[in-house]
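Start from the sequences and build out the full structure, keeping to the hints where you can.
There are 4 protein chains.
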Amino acid sequence: MTNAATSETTLRVRYAETDKMGVVYYANYLVWFEVARTEWLRDHGWTYREMEAGGAMLPVIGVQCEYLRSAQYDESITIRTIGILHSPVRVEFTYEVFKQDGTVAARGTTMHAAVDLNGKPCRLPEKVREVFA
Amino acid sequence: MTNAATSETTLRVRYAETDKMGVVYYANYLVWFEVARTEWLRDHGWTYREMEAGGAMLPVIGVQCEYLRSAQYDESITIRTIGILHSPVRVEFTYEVFKQDGTVAARGTTMHAAVDLNGKPCRLPEKVREVFA
Amino acid sequence: MTNAATSETTLRVRYAETDKMGVVYYANYLVWFEVARTEWLRDHGWTYREMEAGGAMLPVIGVQCEYLRSAQYDESITIRTIGILHSPVRVEFTYEVFKQDGTVAARGTTMHAAVDLNGKPCRLPEKVREVFA
Amino acid sequence: MTNAATSETTLRVRYAETDKMGVVYYANYLVWFEVARTEWLRDHGWTYREMEAGGAMLPVIGVQCEYLRSAQYDESITIRTIGILHSPVRVEFTYEVFKQDGTVAARGTTMHAAVDLNGKPCRLPEKVREVFA
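Protein chains in written order, with our numbering: chain W, 1 to 133; chain E, 1001 to 1133; chain P, 2001 to 2133; chain Z, 3001 to 3133.
FYI, nobody ran anything at the bench for these hints, they're computed from the structure. These figures come from a predicted structure and were not determined experimentally. Misleading hints may appear alongside valid ones.
[As the list claims (entries may be wrong)] Estimated spans, in silico, between C-beta atoms of each pair:
| no. | chain 1 | residue 1 | chain 2 | residue 2 | range |
| --- | --- | --- | --- | --- | --- |
| 1 | P | T2006 | E | P1059 | 24 to 30 Å |
| 2 | E | P1088 | P | H2086 | 35 to 41 Å |
| 3 | P | G2055 | Z | G3119 | 18 to 24 Å |
| 4 | W | P88 | E | V1104 | 56 to 62 Å |
| 5 | W | T10 | Z | T3010 | 37 to 43 Å |
| 6 | W | G54 | Z | E3126 | 56 to 62 Å |
| 7 | E | E1066 | P | L2068 | 19 to 25 Å |
| 8 | W | G119 | E | A1005 | 34 to 40 Å |
| 9 | W | I82 | E | P1121 | 44 to 50 Å |
[As the list claims (entries may be wrong)] Keeping only pairs whose Cα atoms sit at most 35 Å apart, straight-line, the calculated DSBU-like set for lysine-lysine is:
| no. | chain 1 | residue 1 | chain 2 | residue 2 |
| --- | --- | --- | --- | --- |
| 10 | E | K1127 | Z | K3099 |
| 11 | P | K2099 | E | K1120 |
| 12 | P | K2099 | W | K99 |
| 13 | E | K1127 | E | K1099 |
| 14 | P | K2127 | W | K99 |
| 15 | W | K127 | P | K2099 |
| 16 | E | K1099 | Z | K3127 |
Every residue gets a Cβ at the ideal spot worked out from N, C-alpha and C, and that includes glycine.
Okay, structure coming up:
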């Protein structure tokens, strides 16, 4: 691990994201993580879309999430994201999901490996590595 | 419209497919329609996967659905599907979604246009047209 | 139909919302419709969440959608929504989904029936009817 | 941890579950885990639906998943599930997701806490504990 940088994203809970327990279904936090890291990248000067167009992708190779409080329909949720460069071929994001009242709903981590458009491992583009550094 | 053929698919309602109203979220019926037409095609001797691999796709250009009764978590749902060839470039599927007790939960229709891998309109492969005929 | 009022919502396409065709999966437009009508209601002075808390719900009884152009990952999408009161027990929303370049990706309609928390048809709360009027 | 029991579930990958990378979106494995543990419970003599109706729920309090190979549209996926009783108030499920060719696509774990319908921690129903024992 060499470096870190933080950004924040806000989203509103969709009805579609709830389940019959009345709160957000657990898999949807991983969708929010994706939104959060997309915005993290944009905040740091490039987009995942451009990176893919440039021939590199960052598929998730591992995820973990701890659920502390349930999130409700129509709540305004804030996600604080940190991106970390682990090596020239691997990055990690950590996420804290805050409820509208400021308490933590969930904490998670995703690990990503850089691959080219054929799915072969590759080094992260120089420009991307600089974003993390 | 030249021809029609019917098939049936069964699936069980997932917790993920419910929402805080306690029943299946309305957009998920369109996912079930996709499952149903995939199975319809398989029942008729080929797969959508093979069709895509062969260079033709059938994106949805229109959908309509009428919701009559709600579907519950863990219910066994049966979908009766009919495929209709409208023209060499267009097909339609109609769906009836049955609850476990045999009553109708929903009825819907999807219209599809044949396109090649560049998204340009194309004629349906001969083999596919025969399936509908 | 007695009255109408318009509002606009903007959202960014999530990776999760795309499918292997490379564009947004057709069922996800219905999720966007839900986001759009939630914001329409908020723009008009109340929230669907409050309405549910007050004992009335607006389940979808019918939907139709026409797909004109595909929406891409990370595009900024704008949805123009109109709410219409059909009767004291029924409302309709119509949606136009605009791509980032201003062209129309899709057009749709949802019809809703007012029901109480037991799922029985009921009149829309006075306050809600006023929103549409 | 006192005991364990295994079951297997099979499902077919839906188009809706893929993303623009052409393979299954990572959050959808968590939906499959839900399907797998529902079937595990059914194989062991009761249903999650009945358990909820009886006043107890098993929300997820933690998840982790490791992604080894991507899963493709229309593949037949098999999930091998093991349920473990950690304590009178906590259960764990572990999952191995197999591709059609028998290789492992993913491995994961979910941890669950028993709560009553008000969301308060509670002991698992005796009948449920016996299932794990």
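For a C-alpha distance cap of 35 Å, please report whether K1127 of chain E and K1099 of chain E respect it. holds, 34 Å
For G119 of chain W and A1005 of chain E, compare the CB-CB distance with the range 34 to 40 Å and indicate the outcome. holds, 38 Å
Given the hinted pair K1099 of chain E and K3127 of chain Z, is their Cα-Cα distance within 35 Å? Holds, at roughly 29 Å.
Evaluate the given range 56 to 62 Å for the C-beta pair formed by P88 of chain W and V1104 of chain E. This hint holds: roughly 57 Å between Cβ atoms.
Satisfaction of hint between K99 of chain W and K2127 of chain P, Cα-Cα up to 35 Å: holds, 29 Å
Lying within 44 to 50 Å: is that true of the beta-carbon distance I82 of chain W to P1121 of chain E? Since the Cβ atoms of I82 of chain W and P1121 of chain E sit about 47 Å apart, the hinted range of 44 to 50 Å holds.
Distance restraint evaluation - T10 of chain W, T3010 of chain Z, Cβ atoms, bounds 37 to 43 Å: At 40 Å between Cβs, range holds.
Assessment of proposed distance window 35 to 41 Å (beta carbons of P1088 of chain E, H2086 of chain P): holds, 40 Å
Under the criterion that the straight-line Cα-Cα distance not exceed 35 Å, is the pair K1127 of chain E, K3099 of chain Z satisfied? holds, 29 Å
Does K99 of chain W lie within 35 Å of K2099 of chain P when you go C-alpha to C-alpha? With a Cα-Cα distance of about 31 Å, the restraint between K2099 of chain P and K99 of chain W holds, given a limit of 35 Å.
Take the C-beta atom of E1066 of chain E and the C-beta atom of L2068 of chain P, compute their distance, and say whether it sits inside 19 to 25 Å. Hint holds: Cβ distance 23 Å, inside 19 to 25 Å.
Given pair status - K2099 of chain P, K127 of chain W, alpha carbons within 35 Å: The hint holds at about 29 Å.
In this structure, every one of the numbered hints holds.
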